[in-house]
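The task is simple: from the sequences and hints, build the whole structure.
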Amino acid sequence: MNCLHYCAFFDSPSVCELLLKQSKVLSLLNQPCSSVKNESPLHLACTALSQSTAQI
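Per the numbering used here: the sequence shown = residues 1 to 56.
Simulated from the structure, these hints should not be mistaken for lab results. Misleading hints may appear alongside valid ones.
As the list claims (entries may be wrong) - Below, computed lysine to any residue pairings styled on SDA-like, alpha-carbon distance capped at 20 Å: (1) K37 x N2; (2) K24 x N2; (3) K24 x C3; (4) K24 x T47; (5) K21 x A54; (6) K24 x Y6; (7) K37 x M1.
Written out as structure tokens, the structure reads:
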């Protein structure tokens with residue numbers, strides 16, 4: 001689970017926006033999370049009903 005997964009799960013759009021401004025974090029966008037059914041941060045946001053974070 002990476003920082004974007006945590007933002008997605010806990011619906012933290014402001015932290016997510018801040019992280020996405022960092023070029024090193026962009027490689028984590030499609031990284032699957034083995035502890036949560038191999039979901040990407042976007043899939044996890046949808047599963048957790050984190051609509052505001054998913055829209056970013």
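Check whether the Cα positions of K24 and Y6 lie no farther apart than 20 Å. Given pair K24, Y6 holds - Cα atoms ~17 Å apart, limit 20 Å.
Between the alpha carbons of K24 and N2, is the straight-line distance 20 Å or under? Holds, because 12 Å separates the two Cα atoms, which is no more than 20 Å.
For the pair we were handed, K37 and M1, check the Cα-Cα distance against 20 Å. The given pair, whose Cα atoms are some 11 Å apart, holds under the 20 Å limit.
Proposed proximity, N2 with K37 (alpha carbon, max 20 Å): With a Cα-Cα distance of about 14 Å, the restraint between K37 and N2 holds, given a limit of 20 Å.
Taking 20 Å as the top limit, are the C-alpha atoms of K24 and T47 close enough? Measuring from Cα to Cα gives roughly 25 Å; hence the hint is violated.
Keeping to a limit of 20 Å between CA atoms, is the pair of K24 and C3 held or broken? 12 Å, holds
Is K21 within 20 Å of A54, Cα to Cα? 16 Å, holds
Violated hint for the displayed structure: number 4, the only one.
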